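What follows is the residue order along each chain.
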Amino acid sequence: MEEQSRNVWIKQDDPKLVSSRHKDIFEDILEDRRHSSDVGWCLRTRDVPTYKNNKTRTIGQIKEHVLASDRVKYAVEQVCMESGLPTDEVWGQTKEILEEMSHNLKLGAIRGFAVFLVKVLKALFKRIYVNEEGIQKVRAMIKEYPILLTPSHRSYFDFLLMSFVFYHYDLPLPVIAAAMDFMGMKFFGWLLRNSGAFYIRRSFGDDQLYWAVFTEYVQTQICNSDHPLEFYVEGTRSRTAKSYCPKFGMLSASLEPYFKAHIPDIMVIPVSISYDKILEEKLYAYELLGVPKPKESTSALFKARNILSEDFGNVHIHFGDPLSIREYSVGKVDRSIHNLAPRYIASLSAQETDLLKSLAYDIVLLHLKHMVISPWSLTAAVMVQNKEGISMRQLVREVEWLKRHALNLGAYIDWPGNESSDTVVRSTLQLHKNIVAINKEDVIELISMDVPSHVSEDQLMQSAAQHLMLSIYRNQLMHIFVRVAMVSLTINACTQDTLPLDDLYNKYVFLEHLLNRDFIFHPEHTKLDFEHSLLTLTHNCGVVIKDDCILIKSSTNKYTTFFSQMFEPFLLGYWIMCRCLLSSHIDVHGKPKAKPPKVITKEAQMLSARLLREGAIKHLEVLSLDILSNGLHALHHMNAVSKEKRDGQAYMYPNAIVLTNVCEQLEKFLDVPQIPMTSILVESKTVVINAKL
Amino acid sequence: MAGKQRLSVIKQHIRANTNAPARTDEIQVSCSNCSSTDDGKVSFQSEAPTIPKRRQELLKWNGWGYKDSKFNLNKDGQVEFGGERYRLSGQTMPQLREWMTATVGISLDHKTPAQPELTAKDIPAPVKNEEFISELRKKAIPFTDDCQDRLFRAHGHTLHEVFVLREGIFKRIPDLVVWPNSHNDCVKIVNLACQHNVVLIPFGGGTTVSGAVECPEGETRMIVSLDTSQMNKILWVDEKNMIAKCEAGIIGQDLERRLAEKGFCTGHEPDSMEFSSLGGWVATRASGMKKNIYGNIEDLVVHIKFVTPKGVMEKSCQVPRISSGLDIHHFMMGSEGTLGVVTEVAIKVRPLPECKKYGSIVFPEFENGVACLREVAKQRCAPASIRLMDNQQFQFGSALKPESGSILTSFVDGIKKFYITKLKGFDPKKLSVATLLFEGTQQEVAAQEKRVYEIASKFGGLAAGADNGERGYMLTFVIAYLRDLGFEYYIVAESFETSVPWDRCLDLCNNVKDRLDRECKKRAIQFPPYITCRVTQTYDAGACVYFYFGFNYRGLSNPVQIYEDIENCAREEILANGGSISHHHGVGKLRKRYLKQTVGDIGLGTMRAIKNFIDPDNIFGNDNLMIGEPKL
Ligand SMILES: Cc1cc2nc3c(=O)[nH]c(=O)nc-3n(C[C@H](O)[C@H](O)[C@H](O)COP(=O)(O)OP(=O)(O)OC[C@H]3O[C@@H](n4cnc5c(N)ncnc54)[C@H](O)[C@@H]3O)c2cc1C
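Chains as they are written, first to last, in full-length UniProt numbering: chain F, 1 to 693; chain D, 1 to 632.
To be clear, the hints were calculated from the coordinates, so they are not data collected in a lab.
Incorrect hints may have been included.
[Claimed, not checked] Quick list of in silico lysine-lysine cross-link-like pairs, DSSO-like style, CA-CA up to 30 Å:
no., chain 1, residue 1, chain 2, residue 2
1, F, Lys55, D, Lys458
2, F, Lys11, F, Lys106
3, F, Lys73, F, Lys95
4, F, Lys440, F, Lys126
5, D, Lys430, F, Lys137
6, F, Lys63, D, Lys378
7, D, Lys521, F, Lys55
8, F, Lys143, D, Lys522
9, D, Lys378, F, Lys73
10, F, Lys332, D, Lys631
11, F, Lys55, D, Lys522
12, F, Lys73, F, Lys247
Bear in mind the structure is a predicted one, so any value in this text is a computation, not a measurement.
Start from the sequences and build out the full structure, keeping to the hints where you can.
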């Protein structure tokens, strides 16, 4: 029916029939694999771009370089001198460290692995979307400068996907800094090593030798750009689908060659990987509650094979603009500071360390900026506030409302333009049918969500797990709202008619300190963030300012209430942590008893459980060790908790005066149950946010 | 060296004097125009300097070198080099045009000819201090206020200065040129200048590439260019101590030629030696190509006579070394005309070498070459000169190939012979060439050659013959002339140099090149820039690196500004890479902004304190170094 076309230049007349292989800036790279031979694809010749100053080296030559380097020689000498060990022995250790660390990237192994991987990916995902333009930029940059790939990290699949994407686009395969955890897995450990993973111990603090080998190993590969180097600034996989605060070690080690002027520049490429459905959702939920996760062994991964029959929706991979460390540091550092010592001896300057911290935050913030928010995240956010169930009509309305505001705040939402909201929400509910169900009255409920008043610990944890799975998806969009919420929380909690902006800002600063671990705030942008948020609220959300004061009555509305409520579980968790610390605080010889953070967190979780069971509070999320531990660290950061080392382990103890003050401030944002100072006996009282509506 | 050998060397140089007495215990040379006394002193008759007072009659007024020597496009559209002074003179270089088109996008249809010669009406009228002038006249010291003479002494040879000559006029030029004939004349001139508050700018050969002789634009006092060119006598050579006492205005070519007539040399050969002066070398801390044998200027100088506003500064003895507190020679060396004028210098001389031999080595890549030079320096067996060109410079050398049939064949031809036999596996797009100059006795040279080539082979280097080496050195002289051809076709180009520790040498080369390239892109320069470098000197602790950088500025309106901005970026990069403000060109006005970072506040303060003591009224007010704040 060719004549059916209204216009000759239109090939596909029915928009519904246009495939979604191309979508906005994204392109699906799985589509081709579904129509051609996987083996052929894996064996094809690849014409990859290389760095202009690269000298081809074998893996053996890289290792030889490391062992012959000034840095390692120097470290060996130092260690011999300090320990009195014979040189041979120290060299022996050095070689062991290097062997343990090194990758063994082999195209052969990769090709074999690729056949297997592509089949798995096709089985798991509908589509893998990549922004092509980002890839073009990477391709151009690879020739010019060494490349650092810094993807977000929310699943094991992150680095498999990264390598897959690079393989697909004929780009040089990255080598990946992996944590030691994998090395235990026999087959996978080997496979990953051969696919370019190299292993780094999680902590090697002041082990000079390890540090030297590690630094040299990483830096020589950067300088010669044998491969793009990939690592996670967040350090580990996020179990909460929120970004973790960045770590600086790997970033400084890999960018140091620029500061020491070994190379003209390094390009950092932030990559945001967004999953419609996270494979590890269940594992994470248990882990957050402290139920020990199954050890990462090969057999466990293989058992996960029944996972292959499940549908995990789409993945979106966004390659951000290459960020030049040279440009980033213009005017901020003086590299000539390193002129007076051999470059392998001196460490980075304070200026440089600060700059790197700032960069690390920027990378994570860039991840967040380019995350693709799925309709399910919006749905989950609404569901979290309607645990008793919500009608389909109401849900769709709320989701649409939230979507509009997320968009206004700069979120990228994966919302098909040609579908009705109802269809979109229903299909997303279908994808996550293990968490929610639609009952006969068209009411959406969490599966096995109800918490009977007196249940065993186990049952409480079971329903909490289900609830945490939901909250993980809500978490995917929390970063969008956190700043406006911090303003809203204060407005909502205000008991006067007007609130001076200065006070509002002070509260904002207080909340930023508290939420510092759970959300990513650039340390230098507090004021700016505050101003932007306030603007958003006044322009869009009915907040009224007059004479440098907020008019509370007109400003307390659906927006401010909803935003505040989103963050209620976090504040409640912190409050419980405060109370736990205060109530268990026993003076031993004039000093409160110090405990390891893990123990404190666990105690706080017990308090949460108790309050929940007694119905005093209702947010199951406060059972999350992650929130509690983040709270503890934020309190430490705020000087309300002190830290000391005992036997090389961290111990913490409350700083009663500051802590009481923080706790009191927190209580202004929440309605909290009363807990007597000395015991954890609780009067039953419900905690709700100071909602004015 | 044995007397006989020595004599044969001398014979080579002084053909007129074949019957000199040859005694094994004492060597003396006598000839018609010199007299030697029993105390070993050889004296010289005075001779007019090669460059006349009216410099513009022999030299280009708005470019480099002799008027008769320049690159031209002949009627066939091919590049040829004029005159008959150089080995390249009268030759056509058929590949050069092609090379220029390919590397910097020169197009013959787009010319940028220079403005016609300036005449009196174009040149600013002089500021006159009549009392000073009449006193000069009384003292019978020659001077002039001729506008062409003044203009010629208003500049050195930076891109900016030559561009001004081609396109405009300096805001400020000297108001008077004086030609002292002796140290005493200088004392008188400086005294008068102090009395009448007149600014003095010493002028030697005017080859400075740091803006050092340019007049400060804001200067309202009369500015006098103190041209030392007439102070060109070699006062005597003391054979016992092997020292020549010379007036500071003698230029390199005259000094070496005249010493050679008596069997000596100083061995100081900066690339500008045809025109630059002994006083200029001292004032800028110059460095010669053959420093590995003879030393840099600071190693060569034994005594300096220095006229300052406070009086004459000099040491009371002429000794090989001294511990007498701060070394006043080191105030004079590198003073760049800010403290006083160098009038006489006792400089070390050496017998002329018996044997002089060129050589070259091809390396698969620049990196191998750097490693080799480093090893040579470590073993302290560097020949008189050893220089390493990167691939781009090697390509350029090839493009200078004159039409066949001449003695000068190209690098490529020279290397091709090896290429066929040995160089398989060398990528002509990557290989790098070291040029060598050996000096000494036959045996010394043979031993040095053996050792250097052995080291080279450890780094993948292959000896590639003497011709290639010789051509490499010729290239250095020619490149200064080539810039003037570029000027005619929208090309601006310049060289700059630095010194750097060995461990950072290669990285610095790569990073600076990358930076230059990047800054060009940023400024929307449409054609690929020409960026190349070479390692020109080796030391125990590091090397000297030279960069050439040029680009085609078609489509851009302010090429000099753009060039300078980019060079400043490159200098920043150099400093960040552990390199220095300058190895030998000096600071002048061009690099003032980096002086503080280099020597620190106290260092700068100390320099200023010395200046304030010696010259409180800023008579030597050329605005170089630490004087005033740098113009950014
Ligand atoms: C093509 C080319 C190649 C070069 N190659 C080299 C090289 O290989 N090595 C090197 O070191 N430099 C080199 N230079 C730079 C330049 O030749 C040196 O700086 C040289 O020492 C300057 O000497 P001049 O006599 O020309 O001094 P001028 O240019 O006349 O003056 C330079 C500075 O010294 C001062 N000055 C000059 N004479 C006296 C004096 N008698 N007393 C006190 N102050 C004085 C002037 O006031 C001025 O500040 C090169 C320059 C060019 C253009």
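The hints, checked one at a time:
1. The straight-line distance between the Cα atoms of F/Lys55 and D/Lys458 is roughly 19 Å, inside the 30 Å bound, and the hint therefore holds.
2. Simply put, F/Lys11 and F/Lys106 have alpha-carbon atoms about 44 Å apart, too far for the 30 Å limit, and the pair is violated.
3. A threshold of 30 Å between alpha carbons decides the hint, and for F/Lys73 with F/Lys95 the separation of about 12 Å falls inside it, so the pair holds.
4. Under the criterion of a C-alpha separation no larger than 30 Å, the hint pairing F/Lys440 with F/Lys126 is consistent with the structure, at around 29 Å.
5. A C-alpha spacing of about 27 Å is found between D/Lys430 and F/Lys137, which places the hinted pair at or below 30 Å, so the restraint holds.
6. Among the hinted pairs, F/Lys63 with D/Lys378 is consistent with the structure: their alpha-carbon atoms are about 27 Å apart, no more than 30 Å.
7. Proximity of D/Lys521 to F/Lys55 is assessed by CA-CA distance (about 25 Å); at most 30 Å being required, the pair is judged to hold.
8. The hinted pair formed by F/Lys143 and D/Lys522 meets the criterion: a straight-line CA distance of about 18 Å does not exceed 30 Å.
9. Distance restraint check for D/Lys378 and F/Lys73: the Cα-Cα separation of roughly 20 Å lies within the 30 Å cut-off, and the hinted pair is therefore satisfied.
10. With a C-alpha separation of about 23 Å, the suggested pairing of F/Lys332 with D/Lys631 holds against the 30 Å cut-off.
11. Annotation: proposed proximity of F/Lys55 to D/Lys522 holds, straight-line Cα distance about 28 Å (limit 30 Å).
12. A threshold of 30 Å between alpha carbons decides the hint, and for F/Lys73 with F/Lys247 the separation of about 28 Å falls inside it, so the pair holds.
In this structure, the one hint that does not hold is number 2.
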